[in-house]
Amino acid sequence: MSEKLTVKEIQSLVSKNEVGKYSDGSGLYFVVPKSGAAYWMLRYTSNKRRKEMTLGQYADLSLKDARFEAASKMKQLREGMDPLLAKKRSKQESINTVNDLFNDWYPTLASRLKHPQIPKRIYTKDIAPHIGEFKLDQLSARDIRNIIEAIKKTGRMAIANDALGYCKQLFNHAIKLDLMGLNPASAFTFRDAGGLEKSRERALSEGELKQFFSVAKANSKSFSRENYLACLLLVSTGVRKSELCEAKWEEFSLAEAVWKLPASRSKTNVGFDIPLAPLVLEWLEELKIRAFGSDYVFPSRRTSSRPHMGSDTLNRGISKLFGHEAGKKKQPPNLMGDMEHFAVHDLRRTCRTLLAQQGTPGYVAERCLNHKLKGVEGVYNKHDYFDERKEALNLLAEKVNSLQPLQ
Numbered sequence: 157m158s159e160k161l162t163v164k165e166i167q168s169l170v171s172k173n174e175v176g177k178y179s180d181g182s183g184l185y186f187v188v189p190k191s192g193a194a195y196w197m198l199r200y201t202s203n204k205r206r207k208e209m210t211l212g213q214y215a216d217l218s219l220k221d222a223r224f225e226a227a228s229k230m231k232q233l234r235e236g237m238d239p240l241l242a243k244k245r246s247k248q249e250s251i252n253t254v255n256d257l258f259n260d261w262y263p264t265l266a267s268r269l270k271h272p273q274i275p276k277r278i279y280t281k282d283i284a285p286h287i288g289e290f291k292l293d294q295l296s297a298r299d300i301r302n303i304i305e306a307i308k309k310t311g312r313m314a315i316a317n318d319a320l321g322y323c324k325q326l327f328n329h330a331i332k333l334d335l336m337g338l339n340p341a342s343a344f345t346f347r348d349a350g351g352l353e354k355s356r357e358r359a360l361s362e363g364e365l366k367q368f369f370s371v372a373k374a375n376s377k378s379f380s381r382e383n384y385l386a387c388l389l390l391v392s393t394g395v396r397k398s399e400l401c402e403a404k405w406e407e408f409s410l411a412e413a414v415w416k417l418p419a420s421r422s423k424t425n426v427g428f429d430i431p432l433a434p435l436v437l438e439w440l441e442e443l444k445i446r447a448f449g450s451d452y453v454f455p456s457r458r459t460s461s462r463p464h465m466g467s468d469t470l471n472r473g474i475s476k477l478f479g480h481e482a483g484k485k486k487q488p489p490n491l492m493g494d495m496e497h498f499a500v501h502d503l504r505r506t507c508r509t510l511l512a513q514q515g516t517p518g519y520v521a522e523r524c525l526n527h528k529l530k531g532v533e534g535v536y537n538k539h540d541y542f543d544e545r546k547e548a549l550n551l552l553a554e555k556v557n558s559l560q561p562l563q
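Each residue of the sequence shown is one higher than the last, beginning at 157 in the numbering used here.
Be aware that one or more of the hints could be misleading.
What the hints assert, rightly or not - With a Cα cut of at most 30 Å, we get these calculated DSSO-like pairs of lysine-lysine: (1) K332 / K281; (2) K276 / K220; (3) K484 / K281; (4) K190 / K243.
Keep in mind that the hints were calculated from the coordinates and are not lab data.
All chains, full assembly: derive it from the sequences and hints.
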């Protein structure tokens with residue numbers, strides 16, 4: 157092979173998959189990796205350190221163009237600019253809008269947060285519709301206030317707090333990159349947003365449950381049958397939202413009427429056997445038909461990387477019945493009347509309340525919700541009360557079923 161590569165030599169290396177690095181001189185190399193596409197690489201020395209940077213894939217960059225790119229980078233080096241640093245700075249200069257900034261910031265969240273999809277969801281639904289296309293030098297504090305006020309009008313005070321917090325972090329990221337001098341969200345406090353968050357105590361009465369089931373069933377186009385069945389199951393079993401939305405059929409033994417929640421998905425990190433009432437089994441059988449062979453009880457109905465129902469699907473559906481739809485200028489009608497808004501987690505609290513009302517002992521009701529028993533009893537009493545829970549949940553399912561509208 158000659159000192160300089162030729163087009164024919166490169167074509168031969170690719171067709172024969174000759175793995176290796178092949179020099180073209182002046183720091184330019186043609187690389188055929190063990191896996192993946194062949195590419196061009198530049199090797200150079202800056203500050204007494206050897207560095208390598210990818211110039212582009214072979215499919216996108218001809219030999220002539222690769223030599224030109226290599227010569228341009230080496231000219232930058234002679235002029236005192238490290239090509240890698242210049243490439244990084246060029247990338248930062250391409251951050252013009254708030255959406256560009258978020259796309260640059262999000263990977264840092266994905267690497268340090270357990271659930272980075274939460275800030276992404278809030279940004280996509282509640283922040284981006286207002287300022288996503290704005291250029292960074294066009295932003296003002298008034299734009300941040302508009303975001304907060306729009307969320308507060310929907311009654312989602314906790315989301316207003318979250319959105320403000322994420323705005324502060326997002327624009328601090330811009331300051332770090334020297335893209336902004338001031339953070340337009342810095343002057344706002346949680347008093348301007350959702351206020352001090354208090355523990356929720358909302359539990360639906362039997363009358364409210366009856367009203368909700370009636371409205372939800374009558375409006376199946378906006379609140380799907382799958383959403384409706386999910387709410388029935390949440391009230392009747394007391395499981396957590398994520399435990400139900402991410403459930404796989406392999407966890408269920410319908411013949412034995414048991415849901416074996418694995419430790420990996422349990423908040424307590426301990427496996428938990430949940431007895432299934434006959435009515436609950438009927439609802440699950442319907443869901444199995446509706447799942448169309450999916451591994452998940454609630455498969456995703458939209459094209460996405462997530463195979464199961466999203467964590468915000470039910471809350472979004474409930475809010476829509478109350479006349480609130482995030483990110484929409486024209487809001488849907490309020491179908492729930494004067495009824496106080498509730499969230500999905502309130503259904504779990506409702507389950508606990510109904511268990512108490514039907515006379516279920518507290519220690520059994522707590523175990524129905526997969527709560528650890530407190531105090532000395534929690535240390536010494538390792539009985540799981542499966543039979544007692546089965547009896548209590550059977551009675552509860554019958555009560556919940558009686559609150560549904562007649563067929």
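Right, here's what the structure says about each hint:
no.	hint	result
1	K332 / K281	holds, 25 Å
2	K276 / K220	violated, 42 Å
3	K484 / K281	holds, 9 Å
4	K190 / K243	holds, 26 Å
When each numbered hint is compared with the structure, a violation occurs for hint 2 only.
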